Amino acid sequence: MNDQIIFENVSKFYGEVLGVNRISLSIPPGITTLVGPNGSGKTTLMNLMTGLVQPSSGRISVMGLSPVNAPELFCILGYCAQFDSFPRGITGWQFIFDSLMLHGMSEAEAVELTIESLERVQLGDAAGRKIAGYSKGMRQKVRLAQAIAHHPRVLVLDEPLNGLDPMARAESIALFQELGRQGMHLLISSHILDEVDRISDRVVLIAGGYLVAEGSIQQVRHEVREKPMQVLIRCDRPALLAAKMFSVNHCVEARLHADGKGVFLRTGDIDQFYSMLNGIAAEGLVKMESVAPADDDASAIYQYLIGSSGGTS
Amino acid sequence: MMEVVGKFLRSLTQQPWGLWWIQARRLIRIEVRRNLFTWKAGWVYFLAFIPTLIILIHLSVDRHPAFAISEDTSVLAGIVQLYYIRLGVFFGCLGIFSRLIRGEMIERSLHFYLLSPVRREVLLLSKFVAGCISAVLLFGSAIAADFALMYAGFGAAGTDYVFNGPGLGQLESYLAIIVLACLGYGAIFLLLSMMFRNPTPAAMLVLGWEAINPVLPSLLQKLSVASYLRHLMPVSVSAHGIFALLTVETEPVSAWAAALGLLLLIIAVLFYACYRVRTLEIRYTTD
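From first to last, the protein sequence lines are chains A and B. According to my numbering, numbering within the first sequence proceeds without interruption in unit steps and concludes at 318. According to my numbering, numbering within the second sequence proceeds without interruption in unit steps and concludes at 422.
For the record, the hints were derived by calculation from the structure and aren't laboratory data. Given the structure is predicted, the values throughout are model-derived calculations rather than measurements. C-beta: ideal position from N, C-alpha, C; glycine also. One or more of the hints may lead you astray.
To be verified - Quick list of simulated restraints, FRET-style, between CB atoms:
| hint | chain 1 | residue 1 | chain 2 | residue 2 | range |
| --- | --- | --- | --- | --- | --- |
| 1 | B | Phe298 | A | Glu112 | 56 to 62 Å |
| 2 | B | Arg145 | A | Ser140 | 49 to 55 Å |
| 3 | B | Ala311 | A | Asn167 | 34 to 40 Å |
| 4 | A | Glu77 | B | Phe406 | 20 to 26 Å |
| 5 | B | Trp156 | A | Pro171 | 29 to 35 Å |
| 6 | A | Lys141 | B | Glu307 | 50 to 56 Å |
| 7 | A | Gly94 | B | Arg160 | 18 to 24 Å |
| 8 | B | Pro352 | A | Val22 | 41 to 47 Å |
| 9 | A | Asp89 | B | Phe298 | 28 to 34 Å |
| 10 | A | Glu183 | B | Arg145 | 25 to 31 Å |
| 11 | A | Arg27 | B | Pro352 | 40 to 46 Å |
| 12 | A | Ser140 | B | Ile192 | 36 to 42 Å |
| 13 | B | Arg145 | A | Ser66 | 41 to 47 Å |
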């Protein structure tokens, strides 16, 4: 079976309104983050791959399965949608147990998996209460529990950190990392870029229904050649270093670090920049502790490519 | 031709019927629970049991001489034909069956079903069966209660009418009519709720169509639930004034032909509903 999620020239129009246009993507296993402003088409993309909406044109395949093949697709896929609503009058336990029973499993098996998933999101104590009485964070957790209860191989999470307190966010992120390590496909859309950024293997940027960039964060950043890259150099004489780099014309901007023990340098030619930096280091005038890119995170890429700062926690 | 039929039969036997049966049973259990045991179902209970309450008052207040049995039999037939079929079951089914798909779209919870490993046709038909069970349980028990209370006041004469006379046969016919009415209106309202954001105006058109149906040409009469049910009534209802329109019988049809005709109509409606559910999209913001 194919282990990729594939979008082939997929377009979706809601009447005359564009959802997504000519998206071609191939997503391998691991954690992939969908990044884009509101209305950019992130949820449409997720709904397309789960069959909640049908493409106007193009083809979608999830591990070799078509989204219209619900009986097979949803045995391997769990979707935690962003809709914050539940069937009326239902408890957390019933919600997960009923959904597992629809997989055709025995009651004993469904009970076991229900307990397991509720414990995974630390909601065991509230399982018997009606969902209507849950806090927003608890509702988010119970949706996540339902999506992972049947041990899917693909997990689609639409804004999974919304409404969670910092502790619950950290727990959820740890859970996503664990699932990613297990070889699962995780497709996450989130506005909290500085958190999902840390765990993503790949990033997909979309804006206005169009695919802007995709790949690992470093790859995507490298492709944005017209934007100068920023590098943080920890050293004992940051001002001297900045002056030297300016003198050889490989710097377009310099900013001292707040603690005075480093400098942010911006360059348009990173290869030449590193070569010059090696030369300065060899001269021995400046002692360098570390050199690290300062803007190859999702938030910076988002800012470069889409033009706004994106959300943060 | 034989090869095509053979291929079709082979593909039928290869389908996961066992899994569908398990899924359908679970879905039906969930839906029946939601249809019958929530506060929102209160008004359907009211629609079903309001005649029962009136008959109970009639039982406790009025005298019941033996010669009045035939009159009360006509009254009961009138209640079934003019109240239950035209109003009670009609609006009860509108409430129950509209909620199954449209109600869940309004509550934004339908996607949970569509994200489960269940064929959409199995989902739709299970919801339909659950709606039918709920409606038949409510209106069937209401009719049975009406029947029992109607003849309870006549003492030995009433018992004799029910068990040795035509009573039980009439009850069977009423129950069969209620079952068919729930199936028929249920299928129509399920489909309407998938086609329209607010199915009530369309349901009012159906109500109007049902009202004028007896005076329409015989071909158009076949596109009506009430017209089939009228032919199954064990007791003819004589009505005057505007009510006469509701009881006109233009073309006598045998009971079997009427039941079969209605079942064919239901199958056709469900077939189209299954076709529509395959392409149903979740767009809560625009729905």
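Exercise. Which of the listed hints are broken here?
Worked result: Numbers 1, 3, 5, 9, 10, 11, 12 and 13 - these are the hints that the structure violates, sorted from lowest upward.
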